[in-house]
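**Q** For the record, the sequence lines run as chains G and Z.
End of the first sequence sits at 376 in my numbering; the numbers just go up one at a time, nothing left out.
End of the second sequence sits at 376 in my numbering; the numbers just go up one at a time, nothing left out.
Possibly wrong hints are sitting among the right ones.
Stated by the list, open to error - Keeping only pairs whose Cα atoms sit at most 20 Å apart, straight-line, the calculated SDA-like set for lysine to any residue is:
hint, chain 1, residue 1, chain 2, residue 2
1, Z, K284, G, M292
2, G, K284, Z, M292
3, G, K118, Z, G4
Treat the hints as calculated values from the structure; they're not laboratory data.
2 protein chains.
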Amino acid sequence: MFEGLNTPRLVLDADRVERNAARMRVRCGELGVTLRPHVKTAKSTDVARIAADGEQGPITVSTLAEAEHFAAAGWRDILYTTAIAPAKLARADRIQREHGARLLFVLDDREAAAMIGKEAAALGACFGILIEVDCGEHRSGVEPESEELLAIADTIGACAPHLELMGVMSHAGHSYAFDDRAAIAALAEVERHAAVASAELLRSRGYPCPIVSVGSTPTALFADHLSGVTEVRAGIYLFWDLAQLSRGICAQDDLAVSVLATVIGHQRHGPSLILDAGALALSKDVGANRFMPEAGYGLVCDADTLAPYGTLAVTVVHQEHGNVPVPDESWFARLPIGSVVRILPNHACLTCAAYVSYDVLRAGEAVGQWPRTGGW
Amino acid sequence: MFEGLNTPRLVLDADRVERNAARMRVRCGELGVTLRPHVKTAKSTDVARIAADGEQGPITVSTLAEAEHFAAAGWRDILYTTAIAPAKLARADRIQREHGARLLFVLDDREAAAMIGKEAAALGACFGILIEVDCGEHRSGVEPESEELLAIADTIGACAPHLELMGVMSHAGHSYAFDDRAAIAALAEVERHAAVASAELLRSRGYPCPIVSVGSTPTALFADHLSGVTEVRAGIYLFWDLAQLSRGICAQDDLAVSVLATVIGHQRHGPSLILDAGALALSKDVGANRFMPEAGYGLVCDADTLAPYGTLAVTVVHQEHGNVPVPDESWFARLPIGSVVRILPNHACLTCAAYVSYDVLRAGEAVGQWPRTGGW
Numbered sequence: 001m002f003e004g005l006n007t008p009r010l011v012l013d014a015d016r017v018e019r020n021a022a023r024m025r026v027r028c029g030e031l032g033v034t035l036r037p038h039v040k041t042a043k044s045t046d047v048a049r050i051a052a053d054g055e056q057g058p059i060t061v062s063t064l065a066e067a068e069h070f071a072a073a074g075w076r077d078i079l080y081t082t083a084i085a086p087a088k089l090a091r092a093d094r095i096q097r098e099h100g101a102r103l104l105f106v107l108d109d110r111e112a113a114a115m116i117g118k119e120a121a122a123l124g125a126c127f128g129i130l131i132e133v134d135c136g137e138h139r140s141g142v143e144p145e146s147e148e149l150l151a152i153a154d155t156i157g158a159c160a161p162h163l164e165l166m167g168v169m170s171h172a173g174h175s176y177a178f179d180d181r182a183a184i185a186a187l188a189e190v191e192r193h194a195a196v197a198s199a200e201l202l203r204s205r206g207y208p209c210p211i212v213s214v215g216s217t218p219t220a221l222f223a224d225h226l227s228g229v230t231e232v233r234a235g236i237y238l239f240w241d242l243a244q245l246s247r248g249i250c251a252q253d254d255l256a257v258s259v260l261a262t263v264i265g266h267q268r269h270g271p272s273l274i275l276d277a278g279a280l281a282l283s284k285d286v287g288a289n290r291f292m293p294e295a296g297y298g299l300v301c302d303a304d305t306l307a308p309y310g311t312l313a314v315t316v317v318h319q320e321h322g323n324v325p326v327p328d329e330s331w332f333a334r335l336p337i338g339s340v341v342r343i344l345p346n347h348a349c350l351t352c353a354a355y356v357s358y359d360v361l362r363a364g365e366a367v368g369q370w371p372r373t374g375g376w
Numbered sequence: 001m002f003e004g005l006n007t008p009r010l011v012l013d014a015d016r017v018e019r020n021a022a023r024m025r026v027r028c029g030e031l032g033v034t035l036r037p038h039v040k041t042a043k044s045t046d047v048a049r050i051a052a053d054g055e056q057g058p059i060t061v062s063t064l065a066e067a068e069h070f071a072a073a074g075w076r077d078i079l080y081t082t083a084i085a086p087a088k089l090a091r092a093d094r095i096q097r098e099h100g101a102r103l104l105f106v107l108d109d110r111e112a113a114a115m116i117g118k119e120a121a122a123l124g125a126c127f128g129i130l131i132e133v134d135c136g137e138h139r140s141g142v143e144p145e146s147e148e149l150l151a152i153a154d155t156i157g158a159c160a161p162h163l164e165l166m167g168v169m170s171h172a173g174h175s176y177a178f179d180d181r182a183a184i185a186a187l188a189e190v191e192r193h194a195a196v197a198s199a200e201l202l203r204s205r206g207y208p209c210p211i212v213s214v215g216s217t218p219t220a221l222f223a224d225h226l227s228g229v230t231e232v233r234a235g236i237y238l239f240w241d242l243a244q245l246s247r248g249i250c251a252q253d254d255l256a257v258s259v260l261a262t263v264i265g266h267q268r269h270g271p272s273l274i275l276d277a278g279a280l281a282l283s284k285d286v287g288a289n290r291f292m293p294e295a296g297y298g299l300v301c302d303a304d305t306l307a308p309y310g311t312l313a314v315t316v317v318h319q320e321h322g323n324v325p326v327p328d329e330s331w332f333a334r335l336p337i338g339s340v341v342r343i344l345p346n347h348a349c350l351t352c353a354a355y356v357s358y359d360v361l362r363a364g365e366a367v368g369q370w371p372r373t374g375g376w
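Model the full structure from these sequences, guided by the hints.
**A** Printed below as a string of structure tokens:
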């Protein structure tokens with residue numbers, strides 16, 4: 001099916017994406033929360049539509065480039081979860097005005113809140129704000145239920161109408177460090193409680209906090225309940241990857257993206273296959289290898305069926321070369337120079353970022369291309 | 001100088017590039033070889049012109065996208081050093097015909113040579129070929145002076161006029177594993193000898209081999225001599241990076257590219273600064289850390305002077321967040337939220353690949369943007 005194509009290229013199984021998307025929608029329905037898909041993995045309006053069953057509902061973005069791309073395509077409710085800097089507000093203001101979108105920012109610092117408020121006032125803009133609370137990852141966020149939380153809320157309140165406190169968010173990014181469902185469920189409860197208790201405290205001070213946002217794909221899947229939460233952010237569930245598979249969070253036939261590569265050499269030292277997919281085509285992320293050391297930079301699969309060739313993996317990457325050790329030279333006849341394989345990526349978010357489009361499969365047949373956005 | 005700009009962005013000091021370029025031109029002049037710059041690092045016609053002192057001389061590329069980009073911009077002598085696959089020939093043929101460029105391919109397999117010859121004949125095309133010899137890295141290439149080398153040459157010869165054997169190439173990629181000049185000089189001699197002896201053998205069988213191509217920046221710099229070699233391929237010398245600095249191959253004020261990032265948070269756990277430059281803005285390559293463990297994903301520097309803040313480095317990356325541990329919270333006042341820093345990348349080739357353009361500095365002042373190409 002893939003003969004004659006320029007490689008490397010990114011292949012997306014749209015049927016798998018639809019199945020993955022439907023499962024998370026059902027799950028969020030059971031939890032009684034709104035799903036706000038994170039589009040930093042897919043960076044695709046086509047995929048975001050599948051996530052929301054054809055709608056243009058709330059989304060989460062990681063860059064203003066994504067915010068701009070999705071706002072231009074009609075999305076209206078956009079949460080940007082990388083803390084905003086004052087110099088970025090003018091562009092954010094243009095995105096809101098030109099496209100009629102509403103941007104929500106996260107903040108975790110009272111001085112930053114004051115700067116953002118001042119800049120928003122200078123622009124004559126109005127932005128919604130969620131205060132980020134740290135539920136233990138210590139990447140960003142303030143202590144839940146803390147004095148600093150209240151100080152930030154008061155600073156935001158003083159910047160009305162240019163800033164509007166819409167609620168709180170937390171992110172249990174450290175849930176990706178576990179492969180144990182009970183441990184993930186426990187973190188989900190910490191994440192939930194940090195957000196809900198902080199929202200309750202703010203409400204007791206007169207801030208309504210209509211949004212209580214939590215998320216990470218693992219905690220969304222394994223939380224015992226999300227009482228008090230209003231929305232869940234998750235992204236990788238749409239595609240999955242070896243990092244998630246290695247943690248037992250998805251099944252192998254859920255994996256929806258792969259890299260099509262060509263065998264360009266047979267190295268008798270090793271022996272190994274040389275592919276035209278290296279560090280740029282796959283990324284150098286090896287996060288899956290903690291629980292799946294054999295993942296390398298990606299598992300090598302039959303191009304048509306996406307069935308792995310045992311544990312064949314790309315174990316060494318140069319900029320454009322990927323090296324795949326094979327048990328013996330019989331593999332040279334099995335995969336001659338010029339033949340194609342597909343590679344299941346270690347970490348889909350980073351692998352996909354190298355590509356400007358997907359080759360889309362439906363019922364196993366290539367049906368066209370979907371564009372991706374990128375950059376900042 | 002950088003206030004108010006959207007970040008992250010890629011900054012290029014053109015004065016440093018000119019100095020780096022001039023030094024390698026002088027070096028190749030002393031060695032008596034042609035310099036064929038590898039443009040996979042810069043992916044920029046502006047930088048390639050600096051490399052050749054304003055000319056459009058021979059270049060090396062790693063993708064057909066680069067070949068297409070440079071051919072369209074007027075380059076005529078293009079060596080593509082990733083082994084070619086049959087399915088890519090039609091595009092290569094278009095690049096030659098539409099732009100009047102001459103593409104040189106590398107091959108290291110007789111069956112591949114036969115397939116390439118057959119496809120070239122079907123296209124009515126003519127391509128120059130270098131046979132790749134393996135000088136010890138075992139990434140690709142045949143044994144120097146081997147029967148397989150001769151068999152490939154004969155296969156190429158039988159495909160005339162569609163394939164034309166132009167010579168041999170070798171690449172001591174394993175030279176990047178050393179920080180010892182004597183060890184690199186020894187590898188340079190192995191690389192040189194592998195190429196020259198193989199060319200001599202081919203000449204003894206009637207193949208003229210006008211091109212004997214070697215390269216890697218370290219071996220080009222530290223070879224005792226390159227007798228018998230006709231050209232050197234090198235790329236990273238134009239920019240340098242921490243991986244090269246860590247091996248003592250360049251000086252810190254040679255480093256020509258950096259990532260401009262904004263402080264978007266202060267994390268009291270740590271304590272640490274949070275930057276808006278993470279895994280996508282910096283890449284996850286940590287090749288420098290073997291000899292410079294403190295390099296992390298990049299060293300954090302004063303935005304105006306590019307002087308490092310001691311050993312401050314990005315030590316943890318998420319997709320769009322970079323975490324920079326600081327000794328104490330006094331750094332929060334020194335680098336408040338909204339301030340900018342520049343980051344010296346661990347491995348420039350991979351970091352630059354995330355960007356579509358450079359912000360160019362001359363005499364320390366921003367003077368405009370230069371586009372980059374990318375993808376495949």
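**Q** All hints are to be evaluated individually against the structure, with a verdict given for each.
**A** Structure-based check of all given hints:
With a C-alpha separation of about 19 Å, the suggested pair Z/K284 and G/M292 falls inside the 20 Å cut-off, and the hint holds. Annotation: proposed proximity of G/K284 to Z/M292 holds, straight-line Cα distance about 19 Å (limit 20 Å). Among the hinted pairs, G/K118 with Z/G4 is consistent with the structure: their alpha-carbon atoms are about 15 Å apart, no more than 20 Å.
Checked against the numbered hints listed earlier, the structure breaks none of them; every hint is satisfied.
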